Amino acid sequence: MTSSLLYKVQLNGSNDDMESTRNLDLDNPGILRDAVLQWTFMPGTTLWFGQAKLPDNRERVVSSANQEFVDRSNLNRVFTIDRDIGIQLHHQWNLMGMIVREQGAISTGEGRNRRTSSNGGICMTIRGEVLPFGLFEQRGDYIQADLVIEKNPKVSLGYTYSYNKDAIRTGGQLGEYLYNAADIETIFADILMKYQGWSFITEFSQRSSPNPVSTKTGFKDLFIYDGQGTNSQLSYMITDNLQLGLRYTQIQPSEKIDHLTGTRKDYVFGISKYFHGHDLKLQADINYITEQIPNSVNEVKSVLVRNQTDFTF
Numbered sequence: 014m015t016s017s018l019l020y021k022v023q024l025n026g027s028n029d030d031m032e033s034t035r036n037l038d039l040d041n042p043g044i045l046r047d048a049v050l051q052w053t054f055m056p057g058t059t060l061w062f063g064q065a066k067l068p069d070n071r072e073r074v075v076s077s078a079n080q081e082f083v084d085r086s087n088l089n090r091v092f093t094i095d096r097d098i099g100i101q102l103h104h105q106w107n108l109m110g111m112i113v114r115e116q117g118a119i120s121t122g123e124g125r126n127r128r129t130s131s132n133g134g135i136c137m138t139i140r141g142e143v144l145p146f147g148l149f150e151q152r153g154d155y156i157q158a159d160l161v162i163e164k165n166p167k168v169s170l171g172y173t174y175s176y177n178k179d180a181i182r183t184g185g186q187l188g189e190y191l192y193n194a195a196d197i198e199t200i201f202a203d204i205l206m207k208y209q210g211w212s213f214i215t216e217f218s219q220r221s222s223p224n225p226v227s228t229k230t231g232f233k234d235l236f237i238y239d240g241q242g243t244n245s246q247l248s249y250m251i252t253d254n255l256q257l258g259l260r261y262t263q264i265q266p267s268e269k270i271d272h273l274t275g276t277r278k279d280y281v282f283g284i285s286k287y288f289h290g291h292d293l294k295l296q297a298d299i300n301y302i303t304e305q306i307p308n309s310v311n312e313v314k315s316v317l318v319r320n321q322t323d324f325t326f
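Going letter by letter, the sequence shown gives residues 14 to 326 in the working numbering.
Calculated directly from the structure, the hints in this document are not laboratory data.
Bear in mind that the values here come from a model prediction, so they are computed numbers and not experimental data.
We treat Cβ as the ideally placed atom computed from N, Cα and C, and that holds for glycine.
Warning: the hint list may mix true and false statements.
[Unchecked claim] Below, in silico cross-link-like pairs of lysine-lysine (DSS-like), each with a Cα-Cα straight-line distance of 25 Å or less:
no., residue 1, residue 2
1, LYS286, LYS164
2, LYS178, LYS314
3, LYS233, LYS269
4, LYS178, LYS229
5, LYS164, LYS233
6, LYS278, LYS314
7, LYS269, LYS229
[As the list claims (entries may be wrong)] Each pair of labels, with its calculated beta carbon distance range:
no., residue 1, residue 2, range
8, VAL313, THR58, 46 to 54 Å
9, ILE162, ASN193, 35 to 43 Å
10, VAL316, TYR190, 17 to 25 Å
Using the sequences and the hints, build the whole thing.
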């Protein structure tokens with residue numbers, strides 16, 4: 014609109030996203046993903062109004078078009094706080110050559126496309142980042158894989174805290190609707206490093222709720238994932254357009270819900286061929302998954318093979 018006032022609108026038609034709301038809000042098809050105004054009212058400081066991604070875990074904020082594996086990790090699937098409607102403040106400044114970022118959000122806590130708030134709850138989210146060696150080339154701290162081949166070591170440290178008061182869904186902004194509202198506290202911590210074609214990221218997440226199990230007579234028990242998870246990824250550009258990657262993910266429930274769900278571990282090997290960066294690429298990965306059966310020492314083991322062509326314009 015102007016150099017200081019921008020807008021973003023993103024629509025969605027994927028079956029997965031449509032189904033995530035279809036059975037919950039029958040009058041809401043879930044087509045709208047982002048609808049946000051961004052006002053830079055002073056250098057380094059931007060105010061957001063509308064529906065957008067929250068200052069979430071790093072893997073979630075990285076666009077789905079810029080991932081180095083076929084899909085995001087299971088940690089993201091379980092713990093992400095995703096999108097919400099509200100206001101956000103983003104600030105960035107330089108401290109003796111280090112880049113420091115602060116982000117904060119106040120939102121409904123009920124996720125995207127909610128037309129009315131059902132219970133008056135609220136979600137407060139803050140995130141801080143420190144880049145001790147300065148900015149990444151071409152904003153590479155939010156693009157997976159070291160496609161630009163960083164000539165100097167680059168590091169980003171991040172931390173997110175989110176408190177969702179009177180949440181009505183199992184994942185706060187996502188998931189099935191609880192029978193009774195509950196408070197949810199979620200934290201993320203991450204570190205990203207890139208150097209000469211190598212890229213390493215590790216993330217930790219923990220979620221807690223005083224009453225994570227929601228019950229109602231005659232209906233199945235629902236639960237907030239009270240527990241913790243880790244995800245680590247290591248990749249290397251063996252040529253200027255061919256990458257190999259490894260990923261390990263573990264999510265572990267707390268004692269409050271371990272009778273309903275078990276620990277899951279994912280081991281992933283991936284390969285990506287970039288024809289025009291992330292805009293045109295072929296990707297494939299093989300996943301070995303173990304998932305503990307609740308109330309048992311036994312595990313279910315499976316192998317998942319995936320491939321995709323990604324074309325972005």
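> Between LYS178 and LYS229, does the CA-CA distance stay at or below 25 Å?
Replying inline: holds, 21 Å
>> Run the distance test for LYS269 versus LYS229: straight-line Cα separation, threshold 25 Å.
In response: holds, 17 Å
> Are the Cα positions of LYS233 and LYS269 separated by 25 Å at most?
Replying inline: holds, 17 Å
> Does the hinted range 35 to 43 Å hold for ILE162 and ASN193 at CB?
Replying inline: Check failed, 52 Å falls outside 35 to 43 Å.
>> Given the hint of 46 to 54 Å, is the C-beta distance from VAL313 to THR58 inside that range or not?
In response: Hint holds: Cβ distance 49 Å, inside 46 to 54 Å.
>> Check the hint pairing LYS286 with LYS164 against an upper bound of 25 Å on the C-alpha distance.
In response: Distance of about 22 Å is within 25 Å: holds.
> For the pair supplied as a hint, LYS178 and LYS314, is the alpha-carbon distance within the 25 Å limit?
Replying inline: violated, 37 Å
> Quick one, are LYS164 and LYS233 close enough, alpha carbons at most 25 Å?
Replying inline: violated, 54 Å
> Should the hint that VAL316 and TYR190 are 17 to 25 Å apart at their CB atoms be regarded as holding?
Replying inline: violated, 34 Å
>> Tell me if the straight-line CA distance from LYS278 to LYS314 falls inside 25 Å.
In response: The hint holds at about 10 Å.
Violation of the numbered hints given earlier is confined to hints 2, 5, 9, 10; the remaining hints are satisfied by the structure.
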